[in-house]
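Chains G and Y supply the protein sequences, listed in that same order. When we follow the working numbering, the leftmost residue of the first sequence carries the number 1, and every step to the right adds one. When we follow the working numbering, the leftmost residue of the second sequence carries the number 1, and every step to the right adds one.
Since the hints were made in silico from the structure, they are not lab data. Heads up, some of the hints might be wrong.
[Unchecked claim] Derived, one-sided and incomplete: chain Y residues facing chain G with beta-carbon distance under 7 Å: (1) Pro-4; (2) Pro-16; (3) Glu-17; (4) Arg-21; (5) Gln-39; (6) Ala-85; (7) Ala-393.
[To be verified] Distance ranges between label pairs, derived from CB positions: (8) Y/Glu-31 <-> G/Ala-195: 29 to 35 Å; (9) Y/Pro-4 <-> G/His-110: 19 to 25 Å; (10) Y/Ser-250 <-> G/Ala-50: 56 to 62 Å; (11) Y/Ser-265 <-> G/Lys-414: 35 to 41 Å.
A virtual CB, placed ideally from N, CA and C, is assigned to each residue, including glycine.
There are 2 protein chains.
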Amino acid sequence: MSIPVNPPSGFRDYPPEACARREFAIRAISEVYRSFGFQAIATSAVEDLAVLTGKGGGENEKLIFKILKRGEKLDEARAAGGELADLGLRFDLTLPLSRFYAKHQSLLPHPFKAFHIGPVWRAERAQKGRYREFYQCDADIIGSESPLCEVEVISAILTAFKRLGFEDVDVHLNDRGLVYAALEQAGVPEDKRGAACVALDKLDKAPRETVLAELTELAGKTAVDALQKTLMSGAENHADYEKADAARYSQLRWISQTLAQAGWSRVRVNPSLMRGLDYYTGPVFEFRHAKLSGSLGGGGRYDKLSEKFGGPAVPACGGSIGFERLLLLLEESGVAAKISGPEFCVLVFDESLREKSLALAARLRQAGKSVDLYPGTGKLKAQFKYADAKGAAVALIIGPDEAAAGAVKAKNLKTGDERMTAVEELLRSEPQSA
Amino acid sequence: MSIPVNPPSGFRDYPPEACARREFAIRAISEVYRSFGFQAIATSAVEDLAVLTGKGGGENEKLIFKILKRGEKLDEARAAGGELADLGLRFDLTLPLSRFYAKHQSLLPHPFKAFHIGPVWRAERAQKGRYREFYQCDADIIGSESPLCEVEVISAILTAFKRLGFEDVDVHLNDRGLVYAALEQAGVPEDKRGAACVALDKLDKAPRETVLAELTELAGKTAVDALQKTLMSGAENHADYEKADAARYSQLRWISQTLAQAGWSRVRVNPSLMRGLDYYTGPVFEFRHAKLSGSLGGGGRYDKLSEKFGGPAVPACGGSIGFERLLLLLEESGVAAKISGPEFCVLVFDESLREKSLALAARLRQAGKSVDLYPGTGKLKAQFKYADAKGAAVALIIGPDEAAAGAVKAKNLKTGDERMTAVEELLRSEPQSA
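Put together the whole structure using the sequences plus the hints.
If you want it as structure tokens, here you go:
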């Protein structure tokens, strides 16, 4: 049987350079979130299917990777034609956070500002740029209904983008309740409003005519005419939209103005922004960048999600960075994925001198130096190539002459300079970067 | 339906304190591995079942969390009574690394020193201290048969333990080939040698009599008498064991002596050390600590694993830190899981002053300060409690008096000192830790 060397379709390996770029970005985002007062939490990759399914996840629920029952339970399920799976891989970080909060809230600061970075899994059809395992970087505030939460979450995410070199991120802002009010005002029947949102969500991707046709079929021409003035006008003036729910609209304006005062001027209300998930109850937002189609992330308020876990409604608001798309931007902008090489790479002249080489490496390491050691013996040319590939600053060799003199040959791999030196001198040296 | 608020059995949540402790340890281990010249890689959580099954994984293969096929393929499999799963969660990091290397080797330095940190999953029976999702921290060298690899891997792991405060880690060292030679010498038939290793592996956990009985049944009394002198003597003198394969034994001695010269004196050859995995072909090792039953990690040489992926045998050696056990030690030793709090926590006096509070937070953040903002309005007492819980150093309040004076009230949360100050002064202040 041929065993694949590729990861499964839609999954990826991360060689050192890709891994370094990802870690660099994750560290930057973590530092920003932390500096805003968000605290890191983590949850397991695997959740009970009952947590992942049911109201809230929308289309994503169809994309759950389900985990087969084991042992007798599997045999029973198979024989009875029953449910074969009991667990699943999380498809976002919001549902796990809600479960987490329901369990741990008594021990947490109140309100709770959490950040949560990790992989999620969706059984999407694999295609270029769409992965089945991808990272999300979420910041959430649970336990406060203040619109300060939206301002905090959006500011933190914009600051993370800025830290990574992207100041030109646009924020689109809307309110799920305001959308529903506009749909009601337009005469869209209550049971059709969810489907209307799904149709409106396609405005960015499909021709306007297609969306209009779909809406007309759902709600009739009169309703669609009204919606063209409110949700679909595309105009900067939202006078008609505002009338649907003045209080909600005014809150959106407050959020965008407050962000502007804090220096974030690229925030605007966009009545046609939907965001796919059913669990949003209030303001929703999305981050976009001119160089990317689709979004760089988004989020919103989900005040009812906690009810799923049997507790009362707890107000909550969170946002997520679409990490894989952010990495596309980072790669494109040429942000160096610098793999920091070791200060020294000790080469091994031959087998008779390997103990001396090892002792040199050990001594430098004990002094806190970063030291690679060529793990073998072999042609020095191959060993120098290795030291170069590792990004080492200085290659060190103890050959027979150096061994006799109790010295070390040091070759600066950038300049090519070679010199004999003593271990003590290497210990005193300032760290050199490669 | 009642939705569980607990993670599934055997899985865990990581609240801020646990999360901080884990990140602290992972960062320390990563820094040590990197300073030894190992490069970070990552692979996906999910692998094709064909990668995870077949020779090599031993008992762990039975513990794979399998992922249900999707769509038509599932319907077909169900109707035909066929295999229901096509993917699985990785149960270790060695198999994925081998697959990774088979795919990417042409782009990697040679030999390749990799480190790989992440969760793995095993469907073990859940019990105290045994988890179904746990982290491993692996360091491997692929492409060299030199015993320098063993020395490098073991030194790196011991240095990581030391960095975290554990200098008193013992290393047990053995050689799988030497064990097989001793079994052969004792007259254990070839087809019984694997089972004999499994029996010998229980020496640490089961009464000696049980193991002896099992071995006698497998190989007869004469063989067991011989094994009592070689693999089971427990003595420091390994004269009988050495005779089974003098070259392999001498290599083990070289490894332990070389490690001793580098300052690692707690390394000893232990003929009864087996390590469970079938893919080991040469030296194996295990890390132990007096405060823990079982191991703190281990590893060995697996020169044939690459053949699984259709290529030639590539020599390889790797070790793994049992991260969850290391965390037990860290918790027990009282290493503080310090959650670094923000320098400032801005409180919100009331709704009329929230814009001013936000502007203060924004200004301090733009200057690079770490600033939490209470995300709401409410009783100041609750807000002070929040600032304390977050570990902030200084709480800042703009009340009506401060607003009128264009000033800020700063309360040092450690000393309780309060004073009026100007934003400019806060900007100039040296960061205070909580």
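Verification of the hints:
1. Restraint check, Y/Pro-4 versus chain G: the minimum CB separation of about 5 Å is within 7 Å; hint holds.
2. Residue-level restraint check for Y/Pro-16 holds (minimum Cβ-Cβ distance to chain G is 4 Å; threshold 7 Å).
3. Because the beta carbon of Y/Glu-17 sits about 9 Å from the nearest beta carbon in chain G, more than 7 Å, this interface hint is broken.
4. Below 7 Å, beta-carbon pairs count as interface contacts, and Y/Arg-21 has none with chain G, the closest being about 11 Å; its hint is therefore violated.
5. With its C-beta approaching chain G no nearer than about 4 Å, Y/Gln-39 sits inside the 7 Å limit, and its interface hint holds.
6. Interface hint status for Y/Ala-85: upheld, as the beta-carbon distance to the closest one in chain G is roughly 5 Å, under 7 Å.
7. Given hint, Y/Ala-393 at the interface with chain G, is violated; its Cβ is 12 Å from that chain's nearest Cβ, farther than 7 Å.
8. At roughly 53 Å, the beta-carbon separation of Y/Glu-31 and G/Ala-195 lies outside the given 29 to 35 Å, and the hint is violated.
9. Distance hint for Y/Pro-4 and G/His-110: a CB-CB separation of about 23 Å, consistent with the stated range 19 to 25 Å.
10. For Y/Ser-250 paired with G/Ala-50, a C-beta distance near 59 Å keeps the hint of 56 to 62 Å intact.
11. For the pair Y/Ser-265 and G/Lys-414, the supplied restraint of 35 to 41 Å holds, since their beta-carbon distance comes to about 38 Å.
Hints 3, 4, 7 and 8, counting from the list given before, are not met by this structure.
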